[in-house]
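Peer 1: The lines below spell out each chain.
There are 2 protein chains.
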Amino acid sequence: MKCKKCGERASIKMPQHNMALCGDHFLAWVPEYTQRTIEKYRMFTREEKILVAVSGGKDSLALWDVLHRLGYQADGIYINLGIIDPQNDLAYSAKSKAFCSQFADQNGLQLHIVDIKEKYGETIAEINQRSAHGRQKPCAICGLVKRHIMNQIAHDKGYDVLATGHNLDDEAAALFGNTLNWTVEMLRHQSPLLPAVSGFVRKAKPLCRFYERETAAYALMRGISYVYEECPYAAGARSIQYKKLLNQLEKRSPGTKMNFYVHFLKAQKELFGEEQTAIPREEHCPVCGQPTLSGQACAFCRMTGAVKA
Amino acid sequence: MKCKKCGERASIKMPQHNMALCGDHFLAWVPEYTQRTIEKYRMFTREEKILVAVSGGKDSLALWDVLHRLGYQADGIYINLGIIDPQNDLAYSAKSKAFCSQFADQNGLQLHIVDIKEKYGETIAEINQRSAHGRQKPCAICGLVKRHIMNQIAHDKGYDVLATGHNLDDEAAALFGNTLNWTVEMLRHQSPLLPAVSGFVRKAKPLCRFYERETAAYALMRGISYVYEECPYAAGARSIQYKKLLNQLEKRSPGTKMNFYVHFLKAQKELFGEEQTAIPREEHCPVCGQPTLSGQACAFCRMTGAVKA
Chain A
0 MKCKKCGERA SIKMPQHNMA LCGDHFLAWV PEYTQRTIEK YRMFTREEKI LVAVSGGKDS
60 LALWDVLHRL GYQADGIYIN LGIIDPQNDL AYSAKSKAFC SQFADQNGLQ LHIVDIKEKY
120 GETIAEINQR SAHGRQKPCA ICGLVKRHIM NQIAHDKGYD VLATGHNLDD EAAALFGNTL
180 NWTVEMLRHQ SPLLPAVSGF VRKAKPLCRF YERETAAYAL MRGISYVYEE CPYAAGARSI
240 QYKKLLNQLE KRSPGTKMNF YVHFLKAQKE LFGEEQTAIP REEHCPVCGQ PTLSGQACAF
300 CRMTGAVKA
Chain B
0 MKCKKCGERA SIKMPQHNMA LCGDHFLAWV PEYTQRTIEK YRMFTREEKI LVAVSGGKDS
60 LALWDVLHRL GYQADGIYIN LGIIDPQNDL AYSAKSKAFC SQFADQNGLQ LHIVDIKEKY
120 GETIAEINQR SAHGRQKPCA ICGLVKRHIM NQIAHDKGYD VLATGHNLDD EAAALFGNTL
180 NWTVEMLRHQ SPLLPAVSGF VRKAKPLCRF YERETAAYAL MRGISYVYEE CPYAAGARSI
240 QYKKLLNQLE KRSPGTKMNF YVHFLKAQKE LFGEEQTAIP REEHCPVCGQ PTLSGQACAF
300 CRMTGAVKA
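Protein chains in written order, with numbering that gives the first Met the number 0: chain A, 0 to 308; chain B, 0 to 308.
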C-alpha cells in the first residue's frame, strides 16, 4: 500500500476515506482535516478564545496540539479527579496531570488545573462512596463534575468555546447507545457543535470525524507523551462494549462506523432541522449560578455538598 | 425457575417480560399475546380474509397455527422458488412446500401454491444467473419476486390483508441495518402494519413482538413439522450478522432487543406521526397492473421477461 500523496510506503491505511498515507503526509493531513471539520460545523474562528479539555490521553492532547499548530488561541484545562488504580498501584490522575503539564510547558501554552479534592474536599471515588450511587460506577458523577467545572471555568475566564477530544469512535458509541434506546431527545442533541445557550458555553468536538486509531497514530507519530492506560473505572463500561461491536462491523465492512455517524448527522437535519442546540435551561442554581432545570440548587452543588457551605 | 401462572416447573424463561412459563401456559400465552399485538396495531378483524405467507419455516407455520386457533379466516400462500442446496443435496423448496401442504391438510386449511418455474419458466437461481446481478446473492431478487406474487394473489383472490411471520429478531435486525445507514425513508416505513395504498394490499406482522426462540419453542411444543435448515442463500447475509450482534447485547442485558424495537416504534410516532404507510406509487405497470413508481414495466416484469411476452 502506497501513500496517496507521494507514492512512498504508506504508514496508515484509512479505508473509510479510500486512502493510505505515509507518516509525513498523515501528520499534515490530520490538521487539514480538523480544519475542514471546524469550518464544516462552524465551530470557532482564530479570533475566539478556546478552552481545550485535556485528560492526559491521546485524543485531547492531539486536539490541543492540532489547534495550536493551526494557529488557534487554545488554552487547556485539566481537572484532577484524584483517581487511583489500586490494582496497578497507579496514581492515574497524577500521571495524567503530569502529561498535560509537560505538553503545556513544551509548547509554551497555558494550562488551568482544578483539583477537586483541594477545591471541594473529596475525590471522585469519595463523592461516589458518599452519594446515593455509592455502589455504582462513578462514571455518571465524574461526567457531571467535569461538565460543571469546565463550564464554570470557561464562563469565569471568558472563553468563547470549550473544545473536547471526542473522536468518531466515542461519538459512534454514544450514538449507538442512544439508538438502542431510541431516546429522541438525546438523538436530537448529539452534535459536533452545541451552540451556547442560557449560561452554557458553546461546545465543539473538532476530532469527531477521526477514528480512534487515527488520533492514537497522530499522538504516537508526533511524539506526544500521553497516558496509555484506560481510566480504571472504565472497565466494563457499556460504551466500551459498543465500541467493540462497532469494530466488529467495521472489520467486516470498512467504513461502517464513519457511515453510521455521518449518515446520522444528515438524517438528524432531516428529522430535527438544521440548528442543533443544547437543551435550554431557564433557571439558575442559587449556589453556583449555573443553569438548571428546576431553579433549586443544581445537581453538582447538591452532590458536592456546596449547598450547605 | 417456576411458571408465573401455575408455579410448576417453567419450560421457558422470558426475561424481557420478567416471566417464565411452563409448556401448557406458554402454548396458551402465545396466541393471547398475538391477539394483543393484532389489536394494538389494529391489524385485522375476524370478519376479514387473511392470506398468510408461509415458507415452511417455524415462524410462518406458527403464525398460521395461531391465527387459525384464534378463529381468523386465514388461508396460506406458498411460493415455490425452486431452491436446491447442492452442498447438502437438499431440495430445499420441495421440502419446505411439503411441510406447508402437510400443515394445511392436517388443519383443513386452504393453501395456494405458486411455482415460479412453472409460471415464469425459471427458478430464483436461474433468474439470478441471467440478470445483471448474476454474481450477487439472489436475496434481493427473491424478495422482489415474493412481494410481487403475494401482492398479486392477495389482490386477485380478494384478500384483505397479507400476514407474514416476521419475528422480533427479524424486525430488530432490519431496524439495525436501517439505523446503521440512517436511511430515513426506511425508518419511516418499517412498521408492524402497513395500510393498503394505491394497489398494495395491507401487510401485517402479528409475531413482531416474539423473540425467535419463542416462535421456535412454540412450533416445537405444538408439534408443528417445519424446515429447520436456513435457506442455503442466507449464509453470510448481513441480517444474520446483525442478529448475532443483537444477541450478544441481549445476553449481556436481557431485554435489549425488545427495547430496541419497541422504543423505536414509540420514537417513530414522535418523529413521523401516528399513521405509517407504504411508500405510495401513483403509476401502474402496463404488463401486470401492479403499482410502480415510473409507469413503465415494473421491476418484476422486467426481470422475469414478462415484458416481451
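Calculated from the structure, these hints are not laboratory results.
One thing to keep in mind: the hints can contain errors.
[To be verified] Distance condition first, Cα-Cα at most 35 Å in a straight line; then the derived DSBU-like pairs of lysine-lysine:
(1) 116(B) / 39(B)
(2) 250(A) / 156(B)
(3) 136(B) / 156(B)
(4) 156(B) / 268(A)
(5) 242(B) / 12(A)
Peer 1: Now, for every hint given, state plainly whether the structure supports it.
Peer 2: Against the structure, the hints:
1. 116(B) / 39(B): Violated, because 39 Å separates the two Cα atoms, which is more than 35 Å.
2. 250(A) / 156(B): Violated. Residue 250(A) to residue 156(B) sits at ~48 Å, over the 35 Å cutoff.
3. 136(B) / 156(B): Holds: residue 136(B) and residue 156(B) sit about 32 Å apart, inside 35 Å.
4. 156(B) / 268(A): 44 Å, violated
5. 242(B) / 12(A): Cα-Cα ~29 Å, so holds.
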